[in-house]
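**Student:** First residue of the sequence shown? That's 1 in full-length UniProt numbering, and the numbers climb one at a time after it.
Because the hints were derived from the structure by calculation, they are not lab data. As the structure is a prediction and not an experimental result, all values here were calculated from the model. For every residue, glycine included, the Cβ atom is placed at its ideal position computed from N, Cα and C. Keep in mind that a hint or two might mislead.
Stated by the list, open to error - Restraint ranges, calculated between C-beta atoms of paired labels, are given here:
| no. | residue 1 | residue 2 | range |
| --- | --- | --- | --- |
| 1 | 8 | 238 | 35 to 43 Å |
| 2 | 23 | 145 | 22 to 30 Å |
| 3 | 235 | 15 | 17 to 25 Å |
| 4 | 119 | 97 | 20 to 28 Å |
| 5 | 238 | 264 | 28 to 36 Å |
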Amino acid sequence: MTTAREWEFAGTRGAVTARIWSDGDPRYVAVLAHGYGEHLGRYDHVADALVRHGATVCGPDHMGHGRSAGERVLVEDFEDVVADLHTVVESARGDHPGLPVVLIGHSMGGLIAARYAQVHGDALTALVLSGPVLGRWFVTEELLPLDEMPDEPIDTATLSRDPAVGKAYTEDPLVWHGPFKKPTVRALDACIRRINEHGSLGALPVLHVHGDDDRLVPLDGTLIGIEAIRGADLTQRIYPGARHEVFNETNRDEVLAEVTAFVDRVLG
């Protein structure tokens, strides 16, 4: 397993911790954007597969997440998170000038990645969206009218059919297990709407992977958002029976092989 190296930079709202996985002479840069409440340390196996495929891999713990500074899971404007992600991308491009950049976002990270592609698409060669929060999300619709956020931990069985994934998630001290923050819910809703309104990603090659038994980010709501951003080169893979974290699913090797095959096709 490739070992990650950590570095820190001054983000828009405080210090951001980022990770880099690298081994040898890469042929592309893969940038990871993690989901809500988690951190990039949960993606070691994804990074390892990408490094073996020829990537140098990097990404931040978003503000208020993991090892980065800030009140836990508080995001008041996702444009700030996009700006922090851009710092990581630009650093990687500076270290590896001329290499293509592939951005991979999961769940809330898919929202961030899609918005990044709308704002900084010229920096990217391809985009991968895993169970992305796009289009319509029942969570924001249910929480927005409430004055107080319910403190109901997620059912970890919704993450993956592999029970070890839920156990590790529950025991991970860097994962947030408390309630949503109301400003974050407002910011999520605003970003979903902003992406829908901004529209197509044009010629940027996009791969969308999703489990058809995703109860955290249901496929039907996401498809509305995919239609809003779809351009000339969209590939979709929907996995029967798979739950929310397809990179942690029982068929994770199949999913990761789909990602690397997509990258090979794009890099051509």
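**Student:** Next, verify each hint and record whether it holds.
**Tutor:** Each hint tested on the structure:
no.: 1; hint: 8 with 238: 35 to 43 Å; verdict: holds (38 Å)
no.: 2; hint: 23 with 145: 22 to 30 Å; verdict: violated (49 Å)
no.: 3; hint: 235 with 15: 17 to 25 Å; verdict: violated (37 Å)
no.: 4; hint: 119 with 97: 20 to 28 Å; verdict: holds (21 Å)
no.: 5; hint: 238 with 264: 28 to 36 Å; verdict: violated (21 Å)
The structure does not agree with the numbered hints 2, 3, 5 stated previously, though it agrees with the rest.
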